[in-house]
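Protein chains: 2
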Amino acid sequence: MPVQPRTPQGVLELLPVQQIAFQRMLDTIRRNFELFGFLPVETPAFELTEVLLTKTGGETEKQVYFVQSTGSLKQGDTPELALRFDLAVPLARYVAQHEHQLNFLFRRYQIQRVYRGERAQKGRFREFYQCDIDVVGKDELPLSYDAEVPAVIYGIFSQLAFGPFTIFINNRKLLRGLLESLGVAQEKHADVLHEVDRLGKQDRTQIEERVAALMDAGPAKQLLDLLTANRGDSRAALAELEAFRADPARPSTANFKEGLDELERVYTSTLALGVPESALQVNLAIARGLDYYTGTVYETFLTDHPKLGSICSGGRYADLASHYTKSKLPGVGISIGATRLFSQLLELNLIATGARSITQVVVLNVEAPLAQEYLKIAASLRAAGINTEVYGAADKLGKQMKYADRSGAPIAILLGTRERDAGMIKLKIFRENREIDVPAAELVARVRELFG
Amino acid sequence: MPVQPRTPQGVLELLPVQQIAFQRMLDTIRRNFELFGFLPVETPAFELTEVLLTKTGGETEKQVYFVQSTGSLKQGDTPELALRFDLAVPLARYVAQHEHQLNFLFRRYQIQRVYRGERAQKGRFREFYQCDIDVVGKDELPLSYDAEVPAVIYGIFSQLAFGPFTIFINNRKLLRGLLESLGVAQEKHADVLHEVDRLGKQDRTQIEERVAALMDAGPAKQLLDLLTANRGDSRAALAELEAFRADPARPSTANFKEGLDELERVYTSTLALGVPESALQVNLAIARGLDYYTGTVYETFLTDHPKLGSICSGGRYADLASHYTKSKLPGVGISIGATRLFSQLLELNLIATGARSITQVVVLNVEAPLAQEYLKIAASLRAAGINTEVYGAADKLGKQMKYADRSGAPIAILLGTRERDAGMIKLKIFRENREIDVPAAELVARVRELFG
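Top to bottom, those sequences are chains U and L.
All you need for my numbering is the position in the first sequence, starting with 1, plus 7.
All you need for my numbering is the position in the second sequence, starting with 1, plus 7.
The shape of chain U in the complex, shown without the other chains (with noise of 0.2 Å):
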């Protein structure tokens, strides 16, 4: 009896015309993050155990995978190596290894899958591929690689048109100056930040009422309201900021100060490299939810799918490998989960899935002793560099074209006894349902055409 052929659950896997498109996407990323100067990295998916797992008990390292070999497995050994979870920690591991062979400011591009044990539930993915880049810098790393990282991400959802897009841009250091000049304890920064982080994605009223628990109800109001009031208008939200640090009634702090700074600097100069401020918006209520984050932070939404969340966010951080290394390593990146937002997009059916075949021509088997010319003609097409398919199979006619037709591939071609005596070849060309002929001589150049 046949074992049922089946994956397991969490994982995405694709039909071929969805895999051609979600190949496209991560062509896309790729060829964007290559465009400024990132460099290829690939780490294994397995890292040591003792070397992945190196903070205590975050909530991501519960959902770890271990890997073990048979061997181990019955000798009932604490598992040696784990898969990763996000490409941060190798990354990390990886600049720290390599630190004397690497050239400073290192960047990097990684594009590969990450595994997390998630409980089974719909939108939860245990193996899903993440699109990184990070600039790391050694002891210092200038602002302006702050405002190139936006630029990377308008350049890619250009081009992969999935609709209208915002880049939110933001500054933690601003956010703790502000929280510093209303008078709010440092230790309870992270709760209110993490607070902040929920506006526009959750009833204001209820935060409203969780933040005046962790300072006074006025200046909680009154931070609400200056982190929500410009909403739309980045030149007006940074003229308030301006305002409030030009306030002698208040403070403003050095966080607030060179926060206010820095987030000022990254628009102008995300501007100056070309991105729309159509497409940049200055968002006061963006915090990101990790603390590794200090200063620049992003995010990214569909404006016609806001529901879907970001589809790419990152920041700036102090250090990005302190558990492997002395040396101190500042750094900006992001991060797109390319897997399921392109399982989100394949379900609103945003994914135009066998629009476009990577099979160009098939060349069609009408008589069996042809089958000789047949294989010349697409060694032609190829050397051509066009992407082609001879069918094997002594079929009815009708069958391959069928076959033809489902492929995707826009042309088909038909060599009969009575073509090849005349020198011609005939093209069927599915989109416009016609066949022309066209001579022997011509074919390479006449494909072309039809290709525009």
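Since the hints were derived computationally from the structure, they do not count as laboratory data.
Just to be clear, a hint being listed does not mean it is correct.
For identical chains, the list gives no copy identity; a pair is met inside one copy or between any two copies.
[To be verified] Below, in silico cross-link-like pairs of lysine-lysine (DSS-like), each with a Cα-Cα straight-line distance of 30 Å or less:
#1 403 - 195
#2 433 - 145
#3 195 - 335
#4 333 - 435
#5 195 - 406
#6 335 - 228
#7 208 - 228
#8 403 - 129
#9 433 - 208
#10 403 - 335
#11 383 - 208
#12 69 - 403
#13 409 - 145
#14 406 - 335
#15 264 - 403
#16 409 - 333
#17 409 - 335
Just so you know, these numbers come straight off a predicted model, no measurement behind them.
Guided by the hints, dock chain L onto chain U, whose structure is given.
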């Protein structure tokens, strides 16, 4: 105390310059797969253990890596998941699972990593890339596809330019038929073919002794002579087999006749597909270890580096997925072990790392107040598809130059107030160690010219 950053044994982690070369290799392989109309498939790194381990006790299954999350680890469960150890089993599972949604003949390529719990030793990888193509038919698969496979191999290794190479082809049906004609008992065929596969790799005398132990000494010598006599001369080898077939003194079996027909047709059709005779050889001593293969078999050797062994192997099989479906799915395919091949070529200094970086231009930070200008220059180059990086730190120009040179980018751009006021931009061309001034308006065109 920091944890020592390091990778597990048996993985290949590359520095960026090496990774660039490796990516180029994978890109070339993928490009050629697509040129022949193969469609992309990716499968999850882990499969359900029950689905993956269907065979009984194969060598590879002993090396399987099991995967389990923290939760199930504590409960001591039998692991539900395991990492794939090749791409053939996942292909079988994929085709059986999605059988009714696929367009047959199904042609797929798959370029992913696989995992084996190998003993730690030089040249043995626990994680490595395989690059596979297969054509899978339903019920039947025409022989013409057996000729397409070496044409793909030829395209790939011509473009990779690792030096001259030879694709060896043979036919297991022919070998079995030959053994039948020589009166070797059916149950000894596998053992004899295992010895045959060692011809050219191990000492002939010892092989002959072991074969003689499996059959009579006379036929043993006759067999080995026949299989090795015309090495390097495909036509002579085929002619001698023809003579063998025509000899009324020896009854040649159906297997022998069919196998010889197939081999002749595959050889001729492969030449028709544009593979030159110099790169294709009938080699009767190629048997492939696996009984999985039932017809055409392939191995590929670099002429100047025979010790690397076969760098690309495969063959035809009678039924892909009998474990998962009752449908009969014959196929033909090959696999390139890209990680092993790359690491060997790297050791032989045959990989030109750093010869060409991904980054083409580095815009230097000559005067900090011109920072916005630098960003705009970069944006204009990127819009023209030129991979461009902006140096962001206010370091001394010497340090910046050194960084740009080390990064492998062929060009650096220098713009000071003087150049700006004159409407000019200075280009440093590292390879020629020379600087030229170009009008700002012509920058993109001039940089393009330099890349030829």
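Verification of the supplied hints:
With identical chains, the CA atoms of residue 403 and residue 195 are never at most 30 Å apart, being 75 Å at best within one copy and 42 Å at best between copies. Proximity of residue 433 and residue 145 under a CA criterion of 30 Å is satisfied inter-copy only: 28 Å between copies versus 63 Å inside one chain copy. Proximity of residue 195 to residue 335 under the C-alpha cut-off of 30 Å is restricted to the intra-copy arrangement: shortest distance 27 Å within a copy versus 66 Å between copies. With identical chains, the CA atoms of residue 333 and residue 435 are never at most 30 Å apart, being 66 Å at best within one copy and 36 Å at best between copies.
Taking CA atoms no more than 30 Å apart as the test, residue 195 paired with residue 406 passes in neither setting, with 70 Å inside one copy and 43 Å between copies. When the C-alpha separation of residue 335 and residue 228 is checked against a cutoff of 30 Å, the pair qualifies neither within a copy, at 38 Å, nor between copies, at 70 Å. In the homo-oligomer, the alpha carbons of residue 208 and residue 228 lie at most 30 Å apart inside one protomer (17 Å), although the nearest pairing across protomers, at 81 Å, exceeds that limit. When the C-alpha separation of residue 403 and residue 129 is checked against a cutoff of 30 Å, the pair qualifies neither within a copy, at 44 Å, nor between copies, at 53 Å.
In this assembly of identical chains, the alpha carbons of residue 433 and residue 208 never lie at most 30 Å apart, being 59 Å within a copy and 50 Å across copies at closest. When the C-alpha separation of residue 403 and residue 335 is checked against a cutoff of 30 Å, the pair qualifies only between copies, where the shortest distance is 21 Å, while the shortest distance within a copy is 69 Å. In this homomeric assembly, residue 383 and residue 208 never come within 30 Å of each other (Cα to Cα): the closest approach is 60 Å inside a single copy and 35 Å across copies. Taking the shortest alpha-carbon separations for residue 69 and residue 403, neither the intra-copy value of 58 Å nor the inter-copy value of 46 Å comes in at or below 30 Å.
In the homo-oligomer, the alpha carbons of residue 409 and residue 145 lie at most 30 Å apart only across protomers (16 Å), although the nearest pairing inside one protomer, at 60 Å, exceeds that limit. Only between protomers do residue 406 and residue 335 lie at most 30 Å apart by alpha-carbon distance; the minimum there is 20 Å, versus 65 Å within a single protomer. Taking CA atoms no more than 30 Å apart as the test, residue 264 paired with residue 403 passes between copies only; the shortest distance there is 28 Å, against 77 Å inside one copy. In this homomeric assembly, residue 409 and residue 333 come within 30 Å of each other (Cα to Cα) only across copies, at 25 Å, whereas the closest approach inside a single copy is 64 Å.
For the homomeric pair residue 409 and residue 335, the shortest alpha-carbon distance between copies (22 Å) is at most 30 Å, but the shortest distance inside one copy (62 Å) is not.
Checked against the numbered hints given earlier, this structure breaks hints 1, 4, 5, 6, 8, 9, 11 and 12; the rest are met.
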